[in-house]
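Novice: One-letter residues, chain by chain:
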Amino acid sequence: KQEVTQIPAALSVPEGENLVLNCSFTDSAIYNLQWFRQDPGKGLTSLLLIQSSQREQTSGRLNASLDKSSGRSTLYIAASQPGDSATYLCAVRPYSNTGKLIFGQGTTLQVKP
Amino acid sequence: DAMVIQNPRYQVTQFGKPVTLSCSQTLNHNVMYWYQQKSSQAPKLLFHYYDKDFNNEADTPDNFQSRRPNTSFCFLDIRSPGLGDAAMYLCATSRDPYMVSSYEQYFGPGTRLTVT
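First to last, the sequence lines map onto chains G and B.
Under my numbering, the first sequence has 101 at position 101, and the numbering climbs by one with no breaks.
Under my numbering, the second sequence has 149 at position 36, and the numbering climbs by one with no breaks.
Be careful, since some hints might not be right.
[Said to hold, decoys possible] In silico DSS-like links for lysine-lysine, alpha-carbon gap of 30 Å or less:
(1) Lys42(G) - Lys130(B)
(2) Lys1(G) - Lys42(G)
(3) Lys1(G) - Lys68(G)
(4) Lys130(B) - Lys157(B)
(5) Lys165(B) - Lys130(B)
(6) Lys1(G) - Lys165(B)
(7) Lys100(G) - Lys151(B)
(8) Lys100(G) - Lys42(G)
(9) Lys68(G) - Lys151(B)
(10) Lys42(G) - Lys112(G)
(11) Lys165(B) - Lys151(B)
(12) Lys1(G) - Lys151(B)
(13) Lys151(B) - Lys130(B)
(14) Lys1(G) - Lys100(G)
(15) Lys151(B) - Lys42(G)
(16) Lys165(B) - Lys42(G)
(17) Lys165(B) - Lys100(G)
(18) Lys1(G) - Lys157(B)
(19) Lys157(B) - Lys42(G)
(20) Lys130(B) - Lys112(G)
(21) Lys112(G) - Lys165(B)
(22) Lys68(G) - Lys165(B)
(23) Lys68(G) - Lys100(G)
Hints listed in this document are in silico derivations from the structure and should not be mistaken for laboratory results.
These numbers come from a predicted model, not from an experiment.
Use the sequences and the hints to build the structure in full.
Specialist: See the structure below:
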């Protein structure tokens, strides 16, 4: 059974700091991994999607890496800003025909001015 | 510009009173998903529609039903809401999951359900 874990559960950093969020999964049989952002009481905004054949994806100040064999992904945020404060969730799509995503519980990030 | 729309954004219902949540999409995706997210927990898939084919997750309670009258709309019906059903309900869409390279799930803003 696929399980996704995100550590730490919460993180507080000063503005301007570079930071890394971690995601691990137990079964490497995945099609892809997706990182989402969730603001309090809101839905999910997709940040980056990494296919299983890819090693990393970049969008602006965000860079996500994937090491499928070790069951790990990281989300790197450069020059953090208070507006980056949110919960970040990773989700994997296991091999199946349903397209189902398995989510981690998220890392809640606070960037202090 | 909204691609996945959920109505209402906030819903209050009484214990045991049936409630329906709505999702619509402008992406013309053939798959629509419903996830339940309880406070500080990971979203959990309840069921999904692949075109008109309904696919239930094994551990989804019978209290939860869904309807998809056409490509654009999908409804979540909770027949007899209990206090434990209070949660954020997220609707998502994707293209054909068989087409791996094009696969990405797009989420709506969610409906927060309160049960009194």
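Novice: Within 30 Å, alpha carbon to alpha carbon, are Lys165(B) and Lys100(G)?
Specialist: Measuring from Cα to Cα gives roughly 17 Å; hence the hint holds.
Novice: Given the hint that Lys151(B) pairs with Lys130(B), does the C-alpha gap stay at or below 30 Å?
Specialist: Cα-Cα ~20 Å, so holds.
Novice: Would the hint linking Lys165(B) and Lys151(B) be met if the CA-CA limit is 30 Å?
Specialist: At roughly 28 Å apart (the allowed maximum being 30 Å), Lys151(B) and Lys165(B) satisfy the hint.
Novice: Please verify whether Lys42(G) and Lys112(G) have alpha carbons no more than 30 Å apart.
Specialist: Holds, at about 21 Å.
Novice: Need the status of pair Lys151(B), Lys42(G): alpha-carbon distance at most 30 Å?
Specialist: Between Lys151(B) and Lys42(G) the Cα gap is close to 13 Å, so the pair holds against 30 Å.
Novice: Straight-line Cα separation of Lys165(B) and Lys42(G) no greater than 30 Å?
Specialist: holds, 28 Å
Novice: Take a quick look at whether Lys1(G) and Lys42(G) sit within 30 Å of each other, Cα to Cα.
Specialist: holds, 28 Å
Novice: For the pair supplied as a hint, Lys68(G) and Lys165(B), is the alpha-carbon distance within the 30 Å limit?
Specialist: violated, 33 Å
Novice: Keeping to a limit of 30 Å between CA atoms, is the pair of Lys130(B) and Lys157(B) held or broken?
Specialist: holds, 23 Å
Novice: Against the 30 Å threshold, does the CA-CA distance of Lys130(B) and Lys112(G) hold or violate the hint?
Specialist: Distance of about 43 Å is beyond 30 Å: violated.
Novice: So if I understand the rule, the pair passes when the alpha-carbon distance is 30 Å or less; does Lys1(G) with Lys157(B) pass?
Specialist: Within the cut-off at roughly 14 Å; holds.
Novice: Assess, step by step, whether the Cα of Lys42(G) is no farther than 30 Å from the Cα of Lys130(B), and give holds or violated.
Specialist: Holds - the C-alpha atoms of Lys130(B) and Lys42(G) are around 25 Å apart, at most 30 Å.
Checked against the numbered hints given earlier, this structure breaks hints 20, 21, 22; the rest are met.
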